[in-house]
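> In order, the protein sequence lines correspond to chains A and B.
Mapping to this note's numbering: the first sequence position 225 is 225, numbers consecutive.
Mapping to this note's numbering: the second sequence position 110 is 110, numbers consecutive.
These are calculated hints, taken from the structure and not from any lab test.
Quick reminder that beta carbons are idealized off the backbone N, C-alpha and C, glycines included.
Do not take every clue at face value.
What the hints assert, rightly or not - Pair ranges (Cβ atoms, derived):
no., chain 1, residue 1, chain 2, residue 2, range
1, B, Trp156, A, Lys391, 33 to 43 Å
2, A, Lys436, B, Asp323, 52 to 62 Å
3, A, Arg145, B, Arg386, 43 to 53 Å
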Amino acid sequence: MTEREIKKAVTKLSPIDVYKLLPRTNCKECGEPNCMAFAAKLVNREVSLEDCLPILKKEHGKAYKKLQDMLAPVIKEITIGTGDHSVKIGGKLVMYRHEFTYHNPVALALDVTDELPLHPRFSGEEALIDRVKKVENFLYNYIGRDLTLDMIAIRSTSNDPTVFKSAVENVAKVTKLPLILCALDSNVMEAGLVAVQDRRPLLYAATKDNWNNMAELALMYNCPLGVFAPNDLNLLKSLVKTLIEYGVEDLVLDPGTFVDEGLSDTVNNFTMVRRNAFKGGDDLFGFPLIGTPITAWFGGKDSKEMLAWKEAYIACILMSRYADVLIMHSLDGWVQLPTVIWRFNIYTDPRKPVSVDSGLYTFGKPDKMSPLMLTTNYSLTYFTVESDLKKFGGDYYLVVADTEGLSVESAVAGRYLTAELIAEAVKKSGVAEKIKHKYLIIPGRAARLSGEIEDELKNVGLSGWRVMVGPRDSSGIAKFLDETWPPKEEENE
Amino acid sequence: MKPLGKKGAKEKAAATELTGLLELLGLEGKREIELEDVELSIGELILQSAATIVAPRVTTPPAVLAPPKVKPTAILEAPFTPFVQEYPGQVREVTLGATKSEGGSRGKTVVIGGAITPAFYLFEKAAPHPPVITVDTFDMQVRLPKAIRMYVEEVWDDPAAWAKIAVDKWGADLITVHLLSTDPLIKDTPPAEAAKTVEEVLQAVDVPLIIGGCGDPKKDAEVFMKVAEVAEGERVLLSSLTLDMGETGVLEGVAKAAEKYGHLVLSFTALDLNRARELNRKLYDYIPEDRIIMDLTTAALGYGLEYSFTIHERARIAALMGDSELQHPTLAGTTNAWAARETWLKLGPEWEPRRLRGPLWETTTALALLLAGVDVFMMMHPDAIRTMRKVIQQLMSRSKPKPDKIANWVNARIKGEDEHDREGN
Numbered sequence: 001m002t003e004r005e006i007k008k009a010v011t012k013l014s015p016i017d018v019y020k021l022l023p024r025t026n027c028k029e030c031g032e033p034n035c036m037a038f039a040a041k042l043v044n045r046e047v048s049l050e051d052c053l054p055i056l057k058k059e060h061g062k063a064y065k066k067l068q069d070m071l072a073p074v075i076k077e078i079t080i081g082t083g084d085h086s087v088k089i090g091g092k093l094v095m096y097r098h099e100f101t102y103h104n105p106v107a108l109a110l111d112v113t114d115e116l117p118l119h120p121r122f123s124g125e126e127a128l129i130d131r132v133k134k135v136e137n138f139l140y141n142y143i144g145r146d147l148t149l150d151m152i153a154i155r156s157t158s159n160d161p162t163v164f165k166s167a168v169e170n171v172a173k174v175t176k177l178p179l180i181l182c183a184l185d186s187n188v189m190e191a192g193l194v195a196v197q198d199r200r201p202l203l204y205a206a207t208k209d210n211w212n213n214m215a216e217l218a219l220m221y222n223c224p225l226g227v228f229a230p231n232d233l234n235l236l237k238s239l240v241k242t243l244i245e246y247g248v249e250d251l252v253l254d255p256g257t258f259v260d261e262g263l264s265d266t267v268n269n270f271t272m273v274r275r276n277a278f279k280g281g282d283d284l285f286g287f288p289l290i291g292t293p294i295t296a297w298f299g300g301k302d303s304k305e306m307l308a309w310k311e312a313y314i315a316c317i318l319m320s321r322y323a324d325v326l327i328m329h330s331l332d333g334w335v336q337l338p339t340v341i342w343r344f345n346i347y348t349d350p351r352k353p354v355s356v357d358s359g360l361y362t363f364g365k366p367d368k369m370s371p372l373m374l375t376t377n378y379s380l381t382y383f384t385v386e387s388d389l390k391k392f393g394g395d396y397y398l399v400v401a402d403t404e405g406l407s408v409e410s411a412v413a414g415r416y417l418t419a420e421l422i423a424e425a426v427k428k429s430g431v432a433e434k435i436k437h438k439y440l441i442i443p444g445r446a447a448r449l450s451g452e453i454e455d456e457l458k459n460v461g462l463s464g465w466r467v468m469v470g471p472r473d474s475s476g477i478a479k480f481l482d483e484t485w486p487p488k489e490e491e492n493e
Numbered sequence: 001m002k003p004l005g006k007k008g009a010k011e012k013a014a015a016t017e018l019t020g021l022l023e024l025l026g027l028e029g030k031r032e033i034e035l036e037d038v039e040l041s042i043g044e045l046i047l048q049s050a051a052t053i054v055a056p057r058v059t060t061p062p063a064v065l066a067p068p069k070v071k072p073t074a075i076l077e078a079p080f081t082p083f084v085q086e087y088p089g090q091v092r093e094v095t096l097g098a099t100k101s102e103g104g105s106r107g108k109t110v111v112i113g114g115a116i117t118p119a120f121y122l123f124e125k126a127a128p129h130p131p132v133i134t135v136d137t138f139d140m141q142v143r144l145p146k147a148i149r150m151y152v153e154e155v156w157d158d159p160a161a162w163a164k165i166a167v168d169k170w171g172a173d174l175i176t177v178h179l180l181s182t183d184p185l186i187k188d189t190p191p192a193e194a195a196k197t198v199e200e201v202l203q204a205v206d207v208p209l210i211i212g213g214c215g216d217p218k219k220d221a222e223v224f225m226k227v228a229e230v231a232e233g234e235r236v237l238l239s240s241l242t243l244d245m246g247e248t249g250v251l252e253g254v255a256k257a258a259e260k261y262g263h264l265v266l267s268f269t270a271l272d273l274n275r276a277r278e279l280n281r282k283l284y285d286y287i288p289e290d291r292i293i294m295d296l297t298t299a300a301l302g303y304g305l306e307y308s309f310t311i312h313e314r315a316r317i318a319a320l321m322g323d324s325e326l327q328h329p330t331l332a333g334t335t336n337a338w339a340a341r342e343t344w345l346k347l348g349p350e351w352e353p354r355r356l357r358g359p360l361w362e363t364t365t366a367l368a369l370l371l372a373g374v375d376v377f378m379m380m381h382p383d384a385i386r387t388m389r390k391v392i393q394q395l396m397s398r399s400k401p402k403p404d405k406i407a408n409w410v411n412a413r414i415k416g417e418d419e420h421d422r423e424g425n
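Pulled out of the complex, with its shape left as it was, chain B reads as follows (with noise of 0.2 Å):
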């Protein structure tokens, strides 16, 4: 221990002030002192001892003191303005899909990122377009934690029908179709093949779609631009375009293809907003800006998720500052939650339901990146997605709640906290 603790330290500066207050106050040497409405953060000793102080001489002119505070009687105003801001930047608007008359066949398209001000300052100003939501869907059976399988078990390898519930049921915007069996190391696939599973899903469904790729930057590549060439005038997002088709020397043609068949690009790379500045400018060379939606990678709640929500709230700030590198709209893939073992592992009976657990971290995950500026989330959950469709809608408008909704919650029962029914789904 040291041997003049913190407090102690106080104590000897508030001594100090009090000594010099005591001379202002022409009351030194006064053996009884009565201080009326002043705030003093000190004990009772040092009142007591305040008499023995040796006040140092003062030779500044006394400074002018505050008016002993008067209790107010009444409630003083203070109104509030909010601090409000310009922005010199604004992310570039993208559009999803294509309908017939525009060359596609969707029956709408999906409009993301104009944003002017970060995510959801309605009173600064609201967003255009509202963050959305893409289900993943897969060309082959992956693994599936229970508490997803149980609602996609019978279309577990058919990415037509997954994406059929999705969007009936679930109410996905766009559908992702993971063509993870085009890995060398799994099926390998063949792009036509492949390019054959996608026009399935274009039938299926008549919302815009993004295809995922297997991480192999060569065969992504052979895959991608063949799926460009068959699925012309869609629109897609191609997702993912990396450096790292860039070193392998790919990166060129797919960008091309996805520019001469009017489709989108997704940039990603990881947690570094120079690299995803870096693969924009070069991505810039082959494909119009507005075609570029950024992923900066999502990382699951418990596994680095602040490291994600951390670079999008800054990539949105600087895109709103000006940079007009990151000034592209963002995609998350939120379904990375399910790699926390939170979402899966027996825990012990107080974790339980892991039906509830599972659901709840793909949930909780997505919320955080729509706070910091997300744009389109990958999600699996039906129950997660309703909740980020509820949620979306309820931060794009206000409502001007009336506060006795919640003015007495203080001394509100829960009643019958045991009556209730489980949920329904």
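Bound conformation, chain A alone (with noise of 0.2 Å):
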């Protein structure tokens, strides 16, 4: 029970619990200021205890045990594939986003089958390089960042030994991603596991039927073990216990994904495994979760789209109820975009703020005809237009209104982005002494307000400014300003 309450604690930890543990002797080593200091990261999560030097020494073993312990994430963590090509999955210290972060953003694995032709036969039909390298080349940028895909998950739809082994082979050389080898007999599993034995691939997965031989395996050669059991959490549970007994610690836990009757199951199943091992100490539940959206691609008589709309939604749904890693099938962009959207998104600090600080901020060097373009101080709104920016090139002035953390068009209808406010944001931003011209270009979805702005400008000093009314989408600015600027009476003077 007293390992139960450590874990409860995990995030009520203060940095003085940790602190009294530390050496106390303010080295330095780490890099900060002292331990306190670094007391207070380590609570954070923003260090590792193994930055502090000294705690790794002979005398601090028993505080170093302790502090591992209270440190330690209720879901462990564990490290799919090697080295730079390696993925982390669970590590989760908390259940709701709100009580802390959640780490490790699930990994997205899409699979290709054995019987895949190396290349296509004929034009047209997909293949196995073909397809790993789709993966691979999968990105989406969204607000600066690189949005990707993480994994192969390979799958013997052959049953046979060898095929398997050659496709396996095939795929570990032409991709360094991290793998998962889906295969329920475990001499289809050997024979694969085999051609990439130092890559340290997923197994999937453990069942009633195969555990021993897959424990094996998973010991022989020390690769994290999947543990499948479909709606039965009194097997998956018993399984755990089994796996842990005979020796493999690195599990992945599959309830089972099923994704029309049986969502609610599904969901529940998830649901109860990640609760029972953050509210009810329940250790063996102590492990990442793996779900399967792919599973909608089987036993539908649905259209194609039909079953790629609904491997997307279930993704959708596996995330924001606790999966580590999802596999999954359609490539399809416009099915993979929510999905690392969404996975990007839950991943960040819920302490993150909703807004920048406002004021004027630069692109590039800007001169005193650089056009001046406004939005808000919602975070995302100003990301977005930061990001395309950015990807224009060119020099711009940007001023960022205080809407307390609304969207344009949000803060337009709620009144929060106003002729008023506008007026007066450009006016303190001081931009005004700094360019020649008096154009000021808003929003389109701020278009409404483009005639009042003018008239505002005039009452705070700002006379015959005039406003253009920019497009409705920042992606939109490029050729906005291609069309438009310099302004053509510019031009004449």
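Dock the two chains into a complex; use the hints.
As structure tokens, this is what we get:
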């Protein structure tokens, strides 16, 4: 029970709790000014315990062990792959996002089968190498961040060890992405595993029928092992207990993903497993969860689009309900886009403020004739505009108005962004002294304020100013400026 | 790089542990050690050097060692019992709409709220009422993405006709009439004319209504008061009442009118539970608590959905833990999903088609909030609505699926992917 109490307190740890166990020599070896500062960062997970070199010394062995326990996440962190080509899953400190921050974003694995031809046999046929390369090359730039996919799951649909082995070899040749080997027959699994024995793939999966053979493989090759017990948490827990007794330490739990009938069982199972680990002190469930939205593709008579649609929303549901790794099939951009963005979003720090500082921002090296634009201080609005402006290149002024963290549309609707406020923001920014022209480009979504803004600018002493209505979305700024900047009248002067 | 990397540190720590272990086992100094069924997470290197490690003198008595592990030969039973919790609080139930016998003219009423557990925790207790969907209609032509416009082109500026399609074809539980044209900066439609629009929709469909304003606190107050009077007894939801109305001095009037004519109010605040509580407290002075629904602000996926998700999860847990000022059902303006550029922007061929990308955005925005506990969803696209209805129905009851259904997914072939028909709507 003491173990449970310690883990419960993980997010309630105070720097003092940690400080008491540190060497308290203020040696600064960790780069912090003193042990207390290090303790504060440790509690916030901004540094790792091993950054404190003295604690690793023999005389602090006990304290080190205590600290390790104290800081250990309830959900074990498991590494799939090795070195630079690995992905960490689990490591969760909390059940609900608002309690702290979710660690280790959901790893997204896309499947290939061992029956895919290596190269297309005829035009249009999907092939192994193409598909692996597509997974590797998937990229979406979202507010300046590159969102990508993480892993390849190789499924044995042939059930033939030789075929599986050769497919795994071929995949391993073309990609360094971490791998999941999917085969329920341990002979098939072993054949594939031998081909990538130094890459620490996730073995999927141990079941009630094959668990001892799979356990042997996991031990022999030092690989994490999936545990698959569809809609049977008694079995899942029993298998975990058995495998731990067997000596396998890195497990990934799959309570089964049912996408139609049984969706509520799936959501409840994921929730119960996670909740028992966090609130019930159930150590056997303190492992990452794997979901398989790919099951949307089996057994249904729906069209391809409908199946892909289902897979996409099941992925989003499971990410919101505690999945740590997902295996998917569709590589369509429209399917993966909400998946990678929602993953990025829920793994941001919930303490991150909704707004950025208001005031004047510059991009490039703006001069007296550079365009002047305006947006709001909602962080996602600002970051969107910022990433677009950086992408276009060029020199701009940007006034960020304080709308208490609302987007342009909401702020205009809710009267947080008014003509008066805009005029004041421009005046206060001091940009008028930096530029020679008198043009303010406002977001298209604030178009209806344009007339009023000119009047209000006059009221704050900026007479003769003109408002230009920009595009409704900052992705259109480059085109807009191509067509309108510099303004005609200015050219004539 | 630091002199001792993480790996080095771990090895060193492990070596320390091992030294102790060897000593406890009485093995120090021995040249050959055979360990059976013992898990070591360190490399061979350390084992080989074990003999040369100078073991510290240990004065504490040796701890009792666990017996060496024997590999199990059969599955060890570990029965599972779900951790369940009692919650001291409950979300209030709110009834939308009123039938003839209740003083209105609706065909049926819609009851929401009443949650006694987090959303869809069927292992604790099922919620008494399912979440519901209200479809947006507008009293003027608004900008609509093509993916939606194709379904409503003919009823674009006719909320009554739009409402009929939404109820008859898409299965809307409620209809929202956004009186956008009342905006002083748009058409400045007078309250009486706006109220007439509401009457038309009341006649066109018999589901309960939500009445949306334009966002201008003073104008909204005038419009809502007129609508409240004209729709007396219909128990419509006025969307929305804000702290801004309080500052402008019009909140009391609207809230009192809602109370007098038997309507509900939507208490709207921007992602801030303290302000949500503050507004609710103000409203309690004028209107019964079971006539208030909360809107905590819905941002689109990619544009802050995580803030909305987290604030709804927090609000619901706080409500269940007894915070009475947050014990109101919640509404999400899911249609805000369409503000995300990913719903309509040309992003290149690999991201097409937009006719799926857009509605999937609305769907996933709604689903995240569904799991956070939201009770009413403002929606627009028929495919998103259909999916939500299906998922809600599926999540409300357990079906105990047979494991066989997916037990062999690993080696199942995805047949004839290219033979599938294109999606038929």
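> Falls inside 52 to 62 Å, the C-beta gap from lysine 436(A) to aspartate 323(B)?
holds (56 Å)
> At the C-beta level, are tryptophan 156(B) and lysine 391(A) separated by a distance inside 33 to 43 Å?
The hinted range 33 to 43 Å holds for tryptophan 156(B) and lysine 391(A), with Cβ atoms some 35 Å apart.
> Given the hint of 43 to 53 Å, check if arginine 145(A) and arginine 386(B) actually sit that far apart at their C-beta atoms.
violated (32 Å)
Hint violations for this structure: number 3 only, all remaining hints satisfied.
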